[in-house]
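Throw the hints in and build the complete structure from the sequences for me.
Chains as they are written, first to last, in my numbering: chain A, 6 to 228; chain B, 6 to 228.
Be careful, since some hints might not be right.
Because identical chains share one entry, a pair is satisfied inside a single copy or across any pair of copies.
In the EDC-like style, the derived pairs of lysine to aspartate or glutamate whose C-alpha atoms are separated by at most 16 Å in a straight line are [claimed, not checked]:
#  : residue 1 : residue 2
1  : Lys191    : Asp49
2  : Lys40     : Glu153
3  : Lys85     : Glu32
4  : Lys29     : Asp204
5  : Lys193    : Asp49
6  : Lys29     : Asp91
7  : Lys29     : Glu79
8  : Lys193    : Glu153
9  : Lys29     : Glu178
10 : Lys15     : Glu153
11 : Lys148    : Asp174
12 : Lys148    : Asp49
Just so you know, the hints here were simulated from the structure itself, not pulled from any lab data.
2 protein chains.
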Amino acid sequence: MPPTKPKSPKIPKIAVIRLALYAKHLEILHSEGVKLVSSLELADLCGVNPAQIRKDLAYFGQFGTRGLGYPVAELLAELKRIMGTDHVWRLGLVGVGNLGRALLRHTQFAEQGFVFTAAFDRNPEVVGTLVSGVKVSNAEQMKRVVRERSPFDIGVLATQPKEAQSAADRLVEAGVSAILNFTPVKLKLPAGVYVENVDFTVRLHLLCYSITHGSDVTQEHPT
Amino acid sequence: MPPTKPKSPKIPKIAVIRLALYAKHLEILHSEGVKLVSSLELADLCGVNPAQIRKDLAYFGQFGTRGLGYPVAELLAELKRIMGTDHVWRLGLVGVGNLGRALLRHTQFAEQGFVFTAAFDRNPEVVGTLVSGVKVSNAEQMKRVVRERSPFDIGVLATQPKEAQSAADRLVEAGVSAILNFTPVKLKLPAGVYVENVDFTVRLHLLCYSITHGSDVTQEHPT
DNA sequence: CGCGTTACGTGAAGGTTTTCACAAAGGGGT
DNA sequence: ACCCCTTTGTGAAAACCTTCACGTAACGCG
Numbered sequence: 006m007p008p009t010k011p012k013s014p015k016i017p018k019i020a021v022i023r024l025a026l027y028a029k030h031l032e033i034l035h036s037e038g039v040k041l042v043s044s045l046e047l048a049d050l051c052g053v054n055p056a057q058i059r060k061d062l063a064y065f066g067q068f069g070t071r072g073l074g075y076p077v078a079e080l081l082a083e084l085k086r087i088m089g090t091d092h093v094w095r096l097g098l099v100g101v102g103n104l105g106r107a108l109l110r111h112t113q114f115a116e117q118g119f120v121f122t123a124a125f126d127r128n129p130e131v132v133g134t135l136v137s138g139v140k141v142s143n144a145e146q147m148k149r150v151v152r153e154r155s156p157f158d159i160g161v162l163a164t165q166p167k168e169a170q171s172a173a174d175r176l177v178e179a180g181v182s183a184i185l186n187f188t189p190v191k192l193k194l195p196a197g198v199y200v201e202n203v204d205f206t207v208r209l210h211l212l213c214y215s216i217t218h219g220s221d222v223t224q225e226h227p228t
Numbered sequence: 006m007p008p009t010k011p012k013s014p015k016i017p018k019i020a021v022i023r024l025a026l027y028a029k030h031l032e033i034l035h036s037e038g039v040k041l042v043s044s045l046e047l048a049d050l051c052g053v054n055p056a057q058i059r060k061d062l063a064y065f066g067q068f069g070t071r072g073l074g075y076p077v078a079e080l081l082a083e084l085k086r087i088m089g090t091d092h093v094w095r096l097g098l099v100g101v102g103n104l105g106r107a108l109l110r111h112t113q114f115a116e117q118g119f120v121f122t123a124a125f126d127r128n129p130e131v132v133g134t135l136v137s138g139v140k141v142s143n144a145e146q147m148k149r150v151v152r153e154r155s156p157f158d159i160g161v162l163a164t165q166p167k168e169a170q171s172a173a174d175r176l177v178e179a180g181v182s183a184i185l186n187f188t189p190v191k192l193k194l195p196a197g198v199y200v201e202n203v204d205f206t207v208r209l210h211l212l213c214y215s216i217t218h219g220s221d222v223t224q225e226h227p228t
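So, in structure tokens, the structure goes:
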């Protein structure tokens, strides 16, 4: 079962998203004791085309045996390795407001190997408190706190919009190279810092459009 | 400024998402007193290709004047009309937990014309309380509450995973035809009910992949 | 041990979305 | 009233992603 590095340098983002989808269903199959799965079976579970699965996997190597299918446990392990989710990732929250608090308490993160190791805010009333087992530190001392006490890999940004950019700058300064951005601000960041913007209102807009027009949109993207 | 119904029946979903993006930036321009904008200027602000903007708009009609550009106020009004966001939408929350509470208190919704008019939970300790000005009702009486007291247009699902499907069923029963689903459950619903799934963990997985591989993904989808 | 069956891996075809490039059209100055 | 400049609207081309279809490999049964 050879390489795990991308063969060609350009993988469609959507393919990576589907990889996570496959992993999720493989996890279930694995827990059910299923040892082998064909692209057809997995495709049914995931709601995609079987050829799609084979193509997506082919970006990263050969994982199946012809005539049989894919070994569930091995493929799952490979996918996790490819996604980088074969180990725990540490999250650092900036902005302990309504949303931030909910994120800290959100159990799904931990279930998937994402653990908050730090939290920051500027409000003196919040700094020093413990939320869901995480101590809230002063946002102004982020760099020092990260270095001396609670390092983390991914920054989670849930501040007020007007503080978003400076908070992001501080994250970068502290050495973070990936940010999950819950604010509606388009962040300006140096190259090499990865950002994913989460904006639920976009989805609401989409629903409004669908209700208004009776869904004449095409693609049905996963997640 | 002619029709607003789609010319051809199939509009790419991604184009509708971009429409919301354009509207957001037009809103800003409008508040700055800008009267006219060219596709080039707007494209720069939105981070997309100018031809893309013209194509997207062309799905719905002709809104610009050659040699000049687009009238900001008018185009904004048109886009809102197209998206259906020219009036307030009423939201109904199911599941007043950590996330639900944060959503009720989230100010961005109201700012964009989305107002919670109802909230439901099964926990007797929560039922009857007031969260962010919204009375929490018993989830089992959803149908009645909706009809007699607090109708709403879009259901927002933030329950525990195991209750998600039955809560969704109840929403449909109560006449709701659009659901914003924050649970990781793939809902089974009758045709004609629109669902948008919001799963932040997908984005985290994507960040993991990027960090691990140094971003070799292609597309850069907005929001 | 060979043959049939199954299902992967992949080139080629098909479909969709993005970008290019240009004709056509409106505005404004002279 | 005409001409020039700007920028739209849009076919055509390019890029991209998905699906098809088949060669090929592996297993297992007789």
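Tested hints:
no., hint, result
1, Lys191 / Asp49, "between (37 Å within a copy, 13 Å between copies)"
2, Lys40 / Glu153, "neither (45 Å within a copy, 52 Å between copies)"
3, Lys85 / Glu32, "within (10 Å within a copy, 42 Å between copies)"
4, Lys29 / Asp204, "between (23 Å within a copy, 12 Å between copies)"
5, Lys193 / Asp49, "between (40 Å within a copy, 14 Å between copies)"
6, Lys29 / Asp91, "within (13 Å within a copy, 38 Å between copies)"
7, Lys29 / Glu79, "within (14 Å within a copy, 45 Å between copies)"
8, Lys193 / Glu153, "neither (27 Å within a copy, 48 Å between copies)"
9, Lys29 / Glu178, "neither (34 Å within a copy, 29 Å between copies)"
10, Lys15 / Glu153, "neither (38 Å within a copy, 55 Å between copies)"
11, Lys148 / Asp174, "within (11 Å within a copy, 48 Å between copies)"
12, Lys148 / Asp49, "neither (47 Å within a copy, 33 Å between copies)"
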